[in-house]
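K.L.:
All chains should be modelled from the sequences, with the hints used to inform the complete structure.
Chain by chain, the residues run as shown.
Protein chains: 6
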Amino acid sequence: MSQPDQYKYFNITFPPEHEHVAHVEINRPAKLNAFIEAMWLELSEIFTHLSTSPSVRAIVLSGAGPKAFTAGLDVHAASQGLLSPSTTNDPQDPARKATHLRRHVLSFQSCISSLERCEKPIVVAMHGFALGLAVDISVTADVRVCAADTRFAVKEVDIGLAADIGTLSRLPKVVGTFGWVKEVCLTGRIFGAEEALRVGFVSRVWEDKEAAVRGALELAGVMAGKSPVAVQGTKELLNWSRDRRVEDGLRYTAVWNSAALQTKDVEAALLSGIQKRKPTFEKL
Amino acid sequence: MSQPDQYKYFNITFPPEHEHVAHVEINRPAKLNAFIEAMWLELSEIFTHLSTSPSVRAIVLSGAGPKAFTAGLDVHAASQGLLSPSTTNDPQDPARKATHLRRHVLSFQSCISSLERCEKPIVVAMHGFALGLAVDISVTADVRVCAADTRFAVKEVDIGLAADIGTLSRLPKVVGTFGWVKEVCLTGRIFGAEEALRVGFVSRVWEDKEAAVRGALELAGVMAGKSPVAVQGTKELLNWSRDRRVEDGLRYTAVWNSAALQTKDVEAALLSGIQKRKPTFEKL
Amino acid sequence: MSQPDQYKYFNITFPPEHEHVAHVEINRPAKLNAFIEAMWLELSEIFTHLSTSPSVRAIVLSGAGPKAFTAGLDVHAASQGLLSPSTTNDPQDPARKATHLRRHVLSFQSCISSLERCEKPIVVAMHGFALGLAVDISVTADVRVCAADTRFAVKEVDIGLAADIGTLSRLPKVVGTFGWVKEVCLTGRIFGAEEALRVGFVSRVWEDKEAAVRGALELAGVMAGKSPVAVQGTKELLNWSRDRRVEDGLRYTAVWNSAALQTKDVEAALLSGIQKRKPTFEKL
Amino acid sequence: MSQPDQYKYFNITFPPEHEHVAHVEINRPAKLNAFIEAMWLELSEIFTHLSTSPSVRAIVLSGAGPKAFTAGLDVHAASQGLLSPSTTNDPQDPARKATHLRRHVLSFQSCISSLERCEKPIVVAMHGFALGLAVDISVTADVRVCAADTRFAVKEVDIGLAADIGTLSRLPKVVGTFGWVKEVCLTGRIFGAEEALRVGFVSRVWEDKEAAVRGALELAGVMAGKSPVAVQGTKELLNWSRDRRVEDGLRYTAVWNSAALQTKDVEAALLSGIQKRKPTFEKL
Amino acid sequence: MSQPDQYKYFNITFPPEHEHVAHVEINRPAKLNAFIEAMWLELSEIFTHLSTSPSVRAIVLSGAGPKAFTAGLDVHAASQGLLSPSTTNDPQDPARKATHLRRHVLSFQSCISSLERCEKPIVVAMHGFALGLAVDISVTADVRVCAADTRFAVKEVDIGLAADIGTLSRLPKVVGTFGWVKEVCLTGRIFGAEEALRVGFVSRVWEDKEAAVRGALELAGVMAGKSPVAVQGTKELLNWSRDRRVEDGLRYTAVWNSAALQTKDVEAALLSGIQKRKPTFEKL
Amino acid sequence: MSQPDQYKYFNITFPPEHEHVAHVEINRPAKLNAFIEAMWLELSEIFTHLSTSPSVRAIVLSGAGPKAFTAGLDVHAASQGLLSPSTTNDPQDPARKATHLRRHVLSFQSCISSLERCEKPIVVAMHGFALGLAVDISVTADVRVCAADTRFAVKEVDIGLAADIGTLSRLPKVVGTFGWVKEVCLTGRIFGAEEALRVGFVSRVWEDKEAAVRGALELAGVMAGKSPVAVQGTKELLNWSRDRRVEDGLRYTAVWNSAALQTKDVEAALLSGIQKRKPTFEKL
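Residue numbers (the numbering used here), protein chains in the order written: chain S, 320 to 603; chain R, 320 to 603; chain B, 320 to 603; chain E, 320 to 603; chain V, 320 to 603; chain Y, 320 to 603.
If you're looking for bench data, these hints aren't it; they were derived computationally from the structure.
One should not assume that every hint holds.
Capping the alpha-carbon separation at 35 angstroms, the derived lysine-lysine pairs in DSBU-like fashion look like this [claimed, not checked]:
id, chain 1, residue 1, chain 2, residue 2
1, S, K386, R, K583
2, E, K386, Y, K350
3, E, K386, E, K350
4, B, K595, R, K350
P.N.:
Structure follows, in structure tokens:
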């Protein structure tokens with residue numbers, strides 16, 4: 320991370336006004352930030368690195384340019400590659416083709432899941448087009464906010480396939496109203512910022528992109544100001560519990576905290592609470 | 320399905336303006352569409368058939384007559400049968416009686432679950448009374464809409480029993496606010512269309528029954544116009560993921576799509592997208 | 320329960336206008352009802368007792384005094400005990416310390432979980448401060464209501480720890496919008512009654528504490544007037560199903576009801592329905 | 320069951336020396352009892368019927384003729400049907416073909432699973448060839464015994480496919496040594512009666528087919544002589560617990576027995592124990 | 320534990336030749352150690368206490384007198400109480416009766432499960448009669464050994480009920496050959512020490528009771544000589560993993576060991592290994 | 320893989336007499352093949368590569384030199400690194416230390432799990448010392464064989480820790496007799512080849528190392544001669560089913576095979592069966 324310009328498709332900056340916050344920006348605005356394979360490989364590399372980078376305590380993800388968070392998969396590239404007619408017409412053994420497709424999907428999924436595996440909280444700030452893969456990516460994050468002009472769609476059904484990079488597995492766990500999830504996934508229709516807010520897909524709508532990114536950075540800044548032992552434990556325990564029974568969540572929490580409660584951050588937090596000052600915490 | 324009038328308690332029609340959409344109507348309006356055993360057996364037969372019927376790609380379920388989607392279980396019939404005092408006072412061995420009751424409930428559940436097992440998406444359009452079994456049925460569907468006059472209730476608690484045909488297992492997975500679910504199930508109170516919309520139990524409220532059915536047919540028509548490979552995969556993957564962990568959802572999705580991505584529908588969808596025309600897809 | 324004044328930190332009353340309803344009040348108003356260990360031990364004893372007490376069919380939990388439902392863990396006591404600097408600086412073997420902390424957390428969790436294990440429905444009425452442990456406690460209940468002045472926070476992150484008494488395991492199962500859950504848990508920020516209502520954390524906001532408690536008692540009264548076989552079965556089946564797959568919920572329900580459907584309450588309920596009078600049910 | 324000769328491919332008899340025991344015999348000896356589709360449909364029909372037939376309390380399954388329990392799938396028929404080159408070379412859309420194959424496999428699995436769903440205990444007596452589908456079938460039963468000449472194989476790998484009718488899902492839950500399971504499934508090699516006994520796949524080896532069937536009938540007779548409430552509960556609870564956690568097994572057991580313990584069979588069994596005579600139990 | 324004679328039905332001793340080992344003996348030999356309710360309440364109290372008693376690191380459980388580990392539930396007492404004809408003939412509402420039976424079974428199960436919840440390893444040494452409840456108890460332990468004269472049976476089916484105190488949930492997880500488990504549970508037949516050894520139900524058969532108890536104490540002594548951090552972690556992680564997926568086992572293990580690896584016992588063990596002497600470990 | 324000598328601690332060869340079989344040899348014989356971090360990183364790299372290498376269809380893993388498969392973790396290196404007294408005495412915040420330890424264990428586990436993730440079957444041939452990590456590694460493989468001189472131990476308890484690289488999660492799923500698993504994990508005692516065979520930990524014992532490796536290569540050769548579509552599907556489906564319910568195993572199998580059954584390998588296998596010749600299969 321010493322060379323923040325080392326990534327081809329992403330900008331990484333560390334806004335001085337928000338200590339310990341990293342800002343990752345998808346940077347292919349000429350193509351509406353549409354994704355090609357090199358991009359999801361880079362995305363995974365970045366979040367895998369940030370996950371254990373001691374100076375980073377919260378992350379914001381947004382898209383460069385005025386028009387789109389991301390328009391999703393670069394269908395032009397995909398239609399010449401994986402999804403090309405020649406591929407689908409290839410007389411190859413369907414079982415062997417299935418093996419290659421399965422490996423491809425699993426590896427693509429694993430790249431996007433790097434945001435969920437990232438130990439630090441992630442706030443996604445969306446604007447403009449946020450289609451297809453945009454939803455797959457945003458549901459791996461912890462909090463979603465957007466600009467008023469954002470146009471969302473679970474677009475995959477319109478190109479003849481079921482979304483397979485995470486939306487179908489994660490969206491029902493992020494939005495509690497299953498009928499709405501079914502509807503947008505089965506019709507592929509566009510929905511806007513207000514609807515996204517109403518169903519709880521996003522937590523807040525800002526007037527424009529700048530405000531959304533600024534709001535996301537402030538929210539991330541608040542998280543980055545807390546004890547990293549507490550914040551990272553909270554993210555892990557919420558994600559673990561989401562998928563399991565209450566009783567399993569409780570026991571895992573107790574085992575986790577049996578080490579975490581020994582942190583000096585508790586003392587630091589309690590003291591600074593009494594002394595009405597902002598605590599500082601060791602790196603993690 | 321060649322003889323659409325073969326069912327005694329249900330009408331099945333194929334509205335010409337919505338290709339590939341079947342409209343199933345509960346048809347016992349003189350009794351507020353209340354269910355007797357012959358009806359749930361027929362219901363299961365219908366949806367089991369539609370599930371693999373190649374010409375059908377989406378289904379609407381509604382109730383005949385102006386007064387009710389369904390008033391639920393026909394308590395009069397039940398109180399002379401399964402729930403009759405003579406049954407509950409029968410000096411029979413309670414363990415043997417339990418065996419018969421368990422078999423009965425399991426078989427009743429299995430009939431209603433045929434809507435969830437149905438591979439095609441189902442939109443339920445409700446109006447008037449939608450009590451007890453109405454809720455059990457509607458939560459097996461994918462999307463719920465209703466007329467402004469609909470009156471819902473999880474009525475079972477008022478006849479001395481816990482709802483056992485699916486509401487208690489599925490409602491908490493359809494509506495994310497568990498406190499509201501608890502309240503309506505523990506009190507049996509009536510709730511109206513606006514409340515149903517606010518908590519996400521229904522996706523849309525229409526001014527009257529006709530508008531609700533028309534709206535449901537249009538929504539089903541949109542789904543039926545998409546690739547059936549994509550639509551049916553999406554339904555299956557959402558239902559699978561709802562009950563399992565994200566990681567299990569992701570892997571099952573990858574295995575599923577390893578065959579589904581080999582469909583020619585992807586090419587058809589991409590081409591028609593470029594050519595700005597409506598794609599046509601082979602039967603499934 | 321013959322000596323309702325036997326508890327030091329809780330009042331238990333049986334409001335005459337609501338038959339079969341117990342009202343449990345946290346009673347340490349001078350300390351904003353903040354919890355010390357003796358209190359959660361008592362809390363557990365009370366709800367374990369009420370769980371099988373035949374005269375009780377629904378329970379309301381609220382906090383004494385005008386200022387707080389509960390301000391949470393008594394941090395002053397905790398900072399001299401478990402969370403004290405001397406404890407965290409103790410040169411003891413961290414593995415042995417972890418063992419003691421784990422046992423402590425598991426035992427604390429188990430006390431609070433006594434509300435979830437309680438076979439009778441519980442309505443929590445909150446007001447004023449409802450911080451930290453207040454949330455852990457309230458998410459074990461079935462329905463939450465509050466006064467307009469209530470100020471909630473998942474406060475733990477501010478004292479350097481991940482909430483470990485249940486909030487992180489249960490809140491995502493009580494509120495469907497996971498992004499909001501993440502945000503309030505990762506920032507520890509205050510949220511008010513209106514926000515709590517909007518996301519579904521509470522079911523209803525009343526103008527003040529008195530109205531909230533009165534409303535909760537009325538709601539509990541409605542539940543207490545139904546068949547206890549039906550009500551207790553409904554609570555159990557909803558909690559079981561929340562954590563498991565639909566198919567497991569259905570089968571467990573069928574097994575449960577194979578005994579419950581043999582109750583005489585069905586006959587009593589059906590008869591009183593026909594005769595338009597309030598049914599009475601045997602104790603349970 | 321009044322017309323025991325109504326089945327084309329199976330004999331059903333009720334050996335007079337073993338009250339309440341049904342003996343089902345695969346009856347296509349000229350083809351080594353190899354299975355065609357009509358047979359698994361009949362098999363399912365039989366076990367679904369026996370499951371709730373009150374006069375039957377235990378079942379033995381064996382194969383007619385001296386040479387084979389069953390040689391498995393009738394590959395000749397299959398190679399002209401589902402597995403035919405023309406099918407695999409068919410230029411049909413692989414995704415649509417996958418849909419048809421998936422439906423076919425699920426429906427085939429469901430037929431074979433009817434033995435596991437059958438509420439009465441099943442003892443399988445094998446001899447001679449017991450290949451491929453023979454293993455899929457036998458692992459759905461409760462107890463397996465065989466003649467000394469039995470030759471087993473998980474043969475599917477030799478015809479280019481992974482066993483999909485249940486062996487791969489059930490064999491690891493029937494035999495505890497996973498390395499042995501892996502070896503026989505990955506090599507398709509033949510194994511004999513002694514090896515099957517050593518790893519616990521069968522419980523007992525008899526000198527020849529007649530002795531094996533006789534032994535199986537005696538074992539089934541013992542089970543049929545016990546309280547059917549106890550026996551059927553035991554089968555259900557063991558199968559439920561096999562797939563779930565201990566704590567889930569315990570709670571389901573408690574709910575199940577809350578009805579079952581009310582049986583008069585307990586009194587009958589206790590009395591006959593004191594009086595040293597064989598108890599008789601009501602039908603179930 | 321300061322008054323080892325405080326228990327009415329159990330002896331607790333601390334054999335001087337095996338430091339940190341507690342020996343618990345069922346002590347009602349005149350009744351073949353058959354269990355009445357007071358006994359399982361005491362049993363639970365003892366193991367709950369030993370679980371966190373710092374001086375105890377391993378436990379042996381055996382039965383007093385020459386004739387029986389335990390003959391199981393005291394059927395005489397039970398047939399006058401819970402299982403009495405008057406109870407089963409009581410005209411009470413079967414649903415209410417079911418509630419009481421369920422509570423009773425859950426509370427009985429919870430007492431016996433105290434052995435599984437006990438953080439210290441338990442070796443059971445059995446002899447003579449080991450029937451019914453003997454199996455429920457022994458499968459909660461970590462290792463089972465027995466004398467050559469031991470006669471086991473899952474006896475419950477013979478008194479008209481399905482074993483509900485743990486055998487049906489735990490035996491299939493203790494013995495890998497499911498067919499054998501099914502057979503002994505469905506027939507209630509006696510099996511001896513050699514058979515128990517062959518299927519892995521017991522780990523070792525000794526010539527008589529004295530040798531079995533001595534052998535168990537020696538085995539417990541070996542466990543008690545190891546680091547208690549390592550031993551107790553190993554028990555917990557094996558039990559957790561048994562019921563869950565490999566991936567869940569791995570992650571829970573990593574979280575557990577993140578505290579446990581900080582123990583000074585690692586240094587002590589490594590040093591004593593180098594110095595070829597027996598390590599000593601702090602209490603836990 | 321073009322440069323088979325590129326690995327520092329492993330030899331990879333392709334025995335000409337067994338087409339499609341790779342032989343991986345742990346190669347640090349001077350240190351009894353004890354593992355340092357560079358080795359498990361290499362091990363993971365190798366199996367991740369072999370997993371999708373089209374020319375490889377089965378793999379054998381063994382240890383170089385006459386004395387050991389592997390003596391486990393290089394404790395000397397570990398005691399100067401991760402497990403060093405200075406590490407355990409370090410006054411660092413125990414919660415932060417726990418974070419680093421947890422990351423370390425998870426990453427170590429992930430390397431070893433690469434054998435389980437490898438899509439090709441793996442046969443492990445062990446000899447001499449096979450301690451600690453040797454067991455963690457071998458339980459990730461599909462089949463285990465060994466030489467008569469092999470000495471196994473789950474050694475971790477002897478250095479003050481619970482085995483955390485997989486043994487505690489996988490051994491109970493590989494060996495069905497849980498009491499034996501508990502005993503060897505809680506005592507750390509040595510067990511030999513005969514005992515390993517008896518409990519099913521290994522499938523076969525050969526007279527010496529050469530015979531064991533030769534036997535393993537022959538077994539792998541048999542697997543490599545089958546359809547890779549069938550073999551790799553079988554491995555995947557067995558591993559998936561091991562951790563899940565039968566019903567989930569069945570459905571996943573049906574979805575998997577909906578693509579796999581479209582392979583030309585079925586035709587090839589059936590034809591070569593008829594023609595009594597060895598089939599050849601396309602690469603995968």
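K.L.:
Now tell me if each hint is right for this structure.
P.N.:
Outcome of the hint check:
no., hint, verdict
1, S:K386 / R:K583, "32 angstroms, holds"
2, E:K386 / Y:K350, "56 angstroms, violated"
3, E:K386 / E:K350, "10 angstroms, holds"
4, B:K595 / R:K350, "20 angstroms, holds"
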